[in-house]
Each structure stands twice: as C-alpha cells, then as structure tokens.
Amino acid sequence: MFTSTSEAVATALAPSDFTQAPPLARKPARTPREEAALAEVLRHPGIWRRGTAARASVDAQPTGLAGLDARLPGGGWPRGALCEILIEHDGIGECSLLLPALAALTQAKQRIVFVAPPYIPYPPALAAAGIDLSHVVHIDACAADTHWTAEQCLRAGCCGAVLSWMPTTDYRQLRRLQLAAETGAAIGFVFRPLAAARETSPAALRVQVTMAHGLPKIDIVKCRGNVGETTQAVRLRA
Amino acid sequence: MLWCCLRFPRLALEAVRGEGASSSLNPFAVIDGPQQRRHVVIADAAAQAAGVHGGQPLTAAQALCPLLSTRPRDPASERQSIDSIAAWAYRFSADVSIAGSDAILLEIGASLALFGGLAALLRRLRFEVAAFGFDYSLAAATTATAAHVLAAQADGIAIPHAGPLASALGAVPLATSGLGDEAIAALRGMGFRHLRDLFRLPRPELARRIGPDALDHLDRMRGFVAETLVRYRPADRFERRLEFAFGIESQDALAFALQRLVRELATFLVARDGGVQRFSLVFGHERGATTRIEVGLLAPQRDAASLFELARARLERIELPAPVHALTLVADDLPPLCPLHRDLFDDRRGEMLDWPALIERLRARLGDMALQGLGCVADHRPARAWQFTAVDTRAESARVLQASFVSGDAGLRKRPFWLLPKPMLLRGEPAEILAGPERIESGWWDEHDKRRDYYIVETNLGQRAWAFVPAESDTGWTLHGWFA
Chain W
1 MFTSTSEAVA TALAPSDFTQ APPLARKPAR TPREEAALAE VLRHPGIWRR
51 GTAARASVDA QPTGLAGLDA RLPGGGWPRG ALCEILIEHD GIGECSLLLP
101 ALAALTQAKQ RIVFVAPPYI PYPPALAAAG IDLSHVVHID ACAADTHWTA
151 EQCLRAGCCG AVLSWMPTTD YRQLRRLQLA AETGAAIGFV FRPLAAARET
201 SPAALRVQVT MAHGLPKIDI VKCRGNVGET TQAVRLRA
Chain H
1001 MLWCCLRFPR LALEAVRGEG ASSSLNPFAV IDGPQQRRHV VIADAAAQAA
1051 GVHGGQPLTA AQALCPLLST RPRDPASERQ SIDSIAAWAY RFSADVSIAG
1101 SDAILLEIGA SLALFGGLAA LLRRLRFEVA AFGFDYSLAA ATTATAAHVL
1151 AAQADGIAIP HAGPLASALG AVPLATSGLG DEAIAALRGM GFRHLRDLFR
1201 LPRPELARRI GPDALDHLDR MRGFVAETLV RYRPADRFER RLEFAFGIES
1251 QDALAFALQR LVRELATFLV ARDGGVQRFS LVFGHERGAT TRIEVGLLAP
1301 QRDAASLFEL ARARLERIEL PAPVHALTLV ADDLPPLCPL HRDLFDDRRG
1351 EMLDWPALIE RLRARLGDMA LQGLGCVADH RPARAWQFTA VDTRAESARV
1401 LQASFVSGDA GLRKRPFWLL PKPMLLRGEP AEILAGPERI ESGWWDEHDK
1451 RRDYYIVETN LGQRAWAFVP AESDTGWTLH GWFA
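One line per chain: the protein sequences are W and H, in this order.
Sequential numbering of the first sequence, starting at 1, is according to my numbering.
Sequential numbering of the second sequence, starting at 1001, is according to my numbering.
FYI, nobody ran anything at the bench for these hints, they're computed from the structure.
Owing to the predicted nature of the structure, the values given are computational and were not obtained by experimental measurement.
Possibly wrong hints are sitting among the right ones.
As the list claims (entries may be wrong) - Derived coverage of chain H by chain W (criterion: at least 3 residues anywhere in the stretch with Cβ under 8 Å from a Cβ of chain W; other residues may be distant):
1. 1145–1152
2. 1419–1430
3. 1463–1472
Each residue gets a CB set at the ideal place from its N, CA and C atoms; glycine is no exception.
Please construct the entire structure, taking both the sequences and the accompanying hints into account.
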C-alpha cells in the first residue's frame, strides 16, 4: 500500500553532515588520563554530542517504510516511548502505517494491545498483514478507563505495543503514559485528532497523517533526538 | 519429639465474657448442668473471693454470694476459640492436636531449627498467644501427655530431655495428674498423694487396682508406649464476618474493613500453604438484604496486597444500594498454590507485572469480559469472519498452533483494517470507486442470508471506505469498514 518517495531526502539528511565537529581553538593534546575523565563526564545521559553515535542509542522498531525509517533516530518507532499519530479523519492509512511494525512484533512473540479501539480491528485484515493473532489483545474500556488501562499495559513490561485512541487528553495524562512506556519498554501509539498538533506534548515522536492532493502524507511534527529537519513529508500510498 | 502444651484454664469463663458481659463488676460465674441441678463450672476472682468455686451447686453459690451473676456455658464459643488458636499454632508445627476442651498440643521438636531454638520459639509462642487475650499456661516435655499434665501444674515448665522427666512428673499431685476420677479416689483411699508414689508400685498390682486405662495413661506420660493423637486439620473454607456498629456508606471505610479481612485471609492461606482462586464479599444491609461481589482470579494467589488491590477494584466498580452493616468474606475455592517461577537474573523493576498479574488487574477494574483475543472464522460474510476469543493467560505465551486461515477471504481479497460493528449509511456519494464489485453471497442455511456487492471507494475527504450495495437493489451505499 505504501511506497516511499523520499529516499533522496533521507540521504540528504544523513548524519554524516554533522559528524565533523568544527575545528576548535588549538589546544595541547590531552593526556590519556584527561581523556578518560572527559569520557566519564560525557557519558552522562543528559549530554548529547552532535555527531556522535546518538542514533544507535535509540532502541527502535523499524516501521517497514524505508523513507520513514531513515528519518527517525534509531530507524523506527522508538521503543519505551510514546508515539502520537495525529489524524485528520479515519481511514486515510493511519493504521496501515503501523501494520509492518505490529506484524514484526507479534512474530517476535510480543503482545500488541488495542485499548478501546473506535471500531473492530478486523482479524482477517490483521492476519493478512502478517500479524499473529494469538498475540493480539483487544480491551474494551469505557472512556474514563482508557488512560488507566493504557498506562497499566505500558507499565507492565509484558506488552510490545499498546494502541490507544484518545480524542480528549491533556499533557499531564500523556506524560504519565510516556513515563509508563519508559518503565515498561513498550511502544505506546496514541491516536489523536489533527487539531492536537498545536498543543505541546511529552511524546517522543509525533507524526501527522494528512491528505494532500488526494494522497496521504506523513509529517514528523516532533521527534526526540532528531538531527535533521522535521517537517519533510513522506508519502503514503502510491 | 518435643511437645508443647498450651492450656487455657479459664477458657470457659473468657469465651463467654468476651461477648460483652465483662462490663458488669458483679461477681460472675459460668454454670452448667441440667435445669434442676445447675453447678458452677468456673468463677471469676470476685466470686472466688466470696467462696464460689467450680463444681459447687448453683444454689450453694448463690447463698454464698447473693450478687452472683451467671451465664450458661457456651461450648460452641469455646470450640471456636480453641479452633482459632489451633489454626494459629499450625504456623509453628504440622502436628497440632486439640486436647480436651481447653488445651492444644503442638510438636515443636521439628520446628526448633526454623524458629531459632527452644527459648526463641517459646518466647515467640508466648508473645503471639497473648494476642488472643486468654489466660494460659505453657509447658514443654518429650511426651504430649506429660506436657499436658505439666501445663496444669504451673506455667513455664520445659523439660526437653527424657532424663529428668520422670522426677518432674513424680512431683505432680494425683488430683491434677489427668487420671480418671475413680482411679484418683481409689488411690487417695490407699494413701497415695503424688505420681512418684505410683511409679514405685509393681505394674501388675497397679493395673489390678486402677484398671488398664489409667495404667496406659501413666505409661504414655513417661514415654513407655506410643501416643496417638488426633491431628488438627485446618479448615477447608474461610469465612469471616465484620459487623459494624452503624451503616457504612463511604468506600474508604469499607476498604479499610476489607483490608482487614483480606489480611486475615492471607494469613489463613499462608498457614495452610494454599492459595485462593475465588472468593465472595457479602455486604449485609438492613433487614437481611445483601449485596454480593464475586472476585475470581485466573490463578491461585495468596499475597495480601494483590488480593486487596483486586478486591478493592471490584468494590469500586459497584454501587451499594444501602449502607453496609456487615461485611463477610467467604472463600470456598482454596486450591494448592503453585508459585510462579521467576528468572533469578530477571532485571525487571519492581513495579512491573507479568502478564497474568496484568490481566488480573485489568479484569478487576474493567470487568471479566473486557479482555479478549481476536480470531478468524472461516465464513465469507464479513461480520462473521471474525470472533472474540479467550485471551491467552499464560505468562509465556506458548505459540498456539493456529488453524490455517481457510476462509474464502484467505488474504486474497483486500480487507479493511477497521470493521464497523454495524454497517451504516455512507454520507455523500463516493468520489471514486477504486475496486469492485466483489459479490459476497452466503448464509442461506442459517437465516442470515447476505447478498451484497462490496466496493472499495474513496470519499471526498480522501478516506478509503469498504462499502456495499445490496445486490439487485438501489438503496445506496452502506459503509462497512475503513481502510485505515
């Protein structure tokens, strides 16, 4: 269903542009001891050095779309984080976007959980996409319990991916989900309306799916750890 | 073997008193016997000071002490008290026996290593038994009968070796030696006062005078013959009731009571080395009305905290129709517990749950049917080509052999990601028909005959829809799914 037309864009954004640090003022060479001490300091997780192996440090699940993978740090949906998918309407390819990753997760015997989906995730379509249905769980929760359920599933550490639909939510609740996903090392997919793109969000990755000239396209609204431009589109659907 | 005896000499009094009679300061006695010939079983200190003592006819006691208040003996309450003590003692030893109506015996020889030696174990027994609030005396000896007899003499006699046992028993007066009344009367008549006098007598002569049963008692006491005791078995059922002085409406107050009951249940389960799979909470309202909540678990558990969390989640989901006056916890289904094996090097953090625990937590809050799996069914009709299945509850989801997908769909035809639970009218005309028609016609055998032409269409907004038109009619587009 999807083809990517942005290979060229992806190569242009490869991190090699940034690996060469600008030449600093001339300094005497550091002793090995100083080097070790500096390396110790730089190992602090709060320090990010442009041009170092920042990409490799993100654990991610490939999306199955080469164009998108190339533009995400770690090369896919970040694991242990929240991914927001902002959609204009139902039925523009927003779920098919996840299918390759979900199929790969179930084949690796990881559970995927649908928390209060708006319709029935149609099992024949899931099976046709390569998803092992024995690792799919459908949870029926009322609107008031959706957050709680998603948080429990994310936090537990026994679910590979948790998909939830939250038409109304706020920063605080999303922050809880983000922390839960970090704890449980699960991928939390949250579907939200497009209007929410203007709000701030603690999610590690925010992807917007819209229609442009009759074709759906993906925009990366926010991406933690990305080095390149974030508003390039990847086209879905030929 | 080392036996410990806990004797509760004033149990008959305390079991009755516990029910609120203690408020009166009058001399008090427990009475028993037929209506015409009541006698005093046991009297409290005030009554004893007035000369009332056990065995005295009631009329004599009342003559001595006109203010004496009495209550009939309550064997059921005594039994319940001694049962709960035996259940507690079962934690310390597998060999617990109830001796008579007021004592328990437990074999502690095998438990010494676990509890850190005799002195430590006895200290712990004393500390914990004090919580029951009964007057007790404790003795330990190498035979159960000797321990029982010694406990009647004084509190705190411990004879862990067989050597000094005979001399210790020798000092026991006949009256409290546990021999039958007739034997005691006969021996007294012969001028004997203590057991040591009997131990010196030749056996055949003694047997002829006091009978084989009494001789057997003396032999068992000294460990010459084996003792047979009825082993205490913990109950197969748990039921505890909490009564409230006034109607409770707040969930918090109920949760507090619930926590107490669940903790008791957990203690009971630990002592029993079992788990609980299903229990019910019965909320008693006024005029005998009750509300019942069933708490079912997927696997036996006994951890107080997680049981409480699950029970509380269920409690929060219901609305109680009236204030609660009593809360009862009943557990009938008590299967043996098989603890889950965890990886020794499991580096998951404490707040993480395994899959069965997560299911329990979700089910407790969302309802038993909230979690389901999905499965395909070999049927051409879209609404029947799938079904909810039971969710896999195992910790390690073993790969289930999936029946190969043999529906007519078979992945050959494109199917939408979302299926609408009920088909609905498609708003507006589709902008473009991308594929179709695909005639689906099936079900003449089960009265859900469907004849539809399915199309993949694109709406004006760019959504891809799975819509159908009933065959041979012109009623317009009906939406059945989204290619999301």
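Hints, verified against the model:
1. 1145–1152: Check failed, 0 qualifying residues.
2. 1419–1430: holds (count 3)
3. 1463–1472: With 3 residues in contact (Cβ-Cβ under 8 Å with chain W), the coverage given for the region 1463–1472 of chain H holds.
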